[in-house]
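Chemist: What follows is the residue order along each chain.
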Amino acid sequence: MVTAAQVWEALAEIPDPEIPVISLVDLGVIRDVGVENGTVRVDFTPTFLGCPALEVMRDAMAERIRALGGEPEINVSTDDSWSTDRITPQGRERLRTSGFAPPAPRAAAAPTLVQLRSNAFRCPYCGSTDTRLDNIFGPTPCRSLRYCSSCKQPFEQFKTI
Amino acid sequence: MNEQEARSLLDIADDELILGWRDSEWTGIAPLLEEDVAFSSIAQNEIGHARALYELVARERGGTADELAFDRAPEEYRCAQIVELRLLDWEKTIARHVLYEEADAIRLERLKESDDAEVAGLAAKIDREETYHRLHAQMWFERLKDEPRFTAALEELRPLLETGRDEHSPELAELWEEMTMVRRSQPAGTKW
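In the order they appear, the protein sequences are chains A and B. The opening position of the first sequence corresponds to residue 1 in this note's numbering, with each subsequent residue numbered one higher. The opening position of the second sequence corresponds to residue 1 in this note's numbering, with each subsequent residue numbered one higher.
Pulled out of the complex, with its shape left as it was, chain A reads as follows (with noise of 0.2 Å):
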């Protein structure tokens, strides 16, 4: 009989589609599991709301949860529960080491354009404060693009929501 850690332990083993450097369970989206006769059940929430990784991610799991013998009934929430402050310490530090600059923890109030220009940001190469905000949009929703001044390089941050 599959156990909820033994779950765990396999969805953990699921990379963001993504940015694969990062584990489901690491980027904070499993937010509870559950096991009962069998049935296998995944609480789940999405990063943004246009990911196009959802079904990805969706597929994935349950495919993970029938190879442990379950049935997986994976349950979508749209609430606003997922946070990048889920981020798990040991997936912002794999986020950094790959060149995504982790997001920075949510605010009381919502992020402004003085904020996101100032030099509040850590390049992930360098580790240098003196970067600049490119573009507050990347290659996907949950990305910015920076450039640092001191080693000259772009990078992404990851936004903070």
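Calculated from the structure, these hints are not laboratory results.
Not everything, but these chain A residues come out facing chain B in the computed CB check (under 8 Å):
id	residue
1	Gly50
2	Thr78
3	Ile136
4	Lys159
5	Ile161
We treat Cβ as the ideally placed atom computed from N, Cα and C, and that holds for glycine.
With chain A held as given, fit chain B onto it using these hints.
Modeler: Showing chain B alone in chain A's frame:
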């Protein structure tokens, strides 16, 4: 969720779907590479919001999100005229962006107060993503605010936020043709 709330969610969903479609028309031809990326990303978000809203309405009324999005007649859509226009001028596109995001923020604040926890939760999530659309609109507003062509575009488009949701421009029917063509031409029994 009552019927009145379902109707108001449908208004917003239609706005987001149609605007997302129009925004995506800049993909590949925006005046700056950064704006190709920005408008493509914004379009993707808006259509994602539309989908989540259609799903809530579909659960209330029966049917599916896709049926709501694509199987209605053009005159049944509830979008405001401002999102329907095919704008090929950058200053008008930015004017629409600024006007729309401002109006959208106000109704999202209201929706976040809904008694229906699912509606309020979804509104809060949408609002977090829209924050970045608003910052993008603000950045362009600051850049263009003294340009006469831009201020003229703001004045021209502002009234179109307020037109009745039962009156549509001919451009909506044209967009509907494009948007639903594949689905309408499917052989009977096709599963998506």
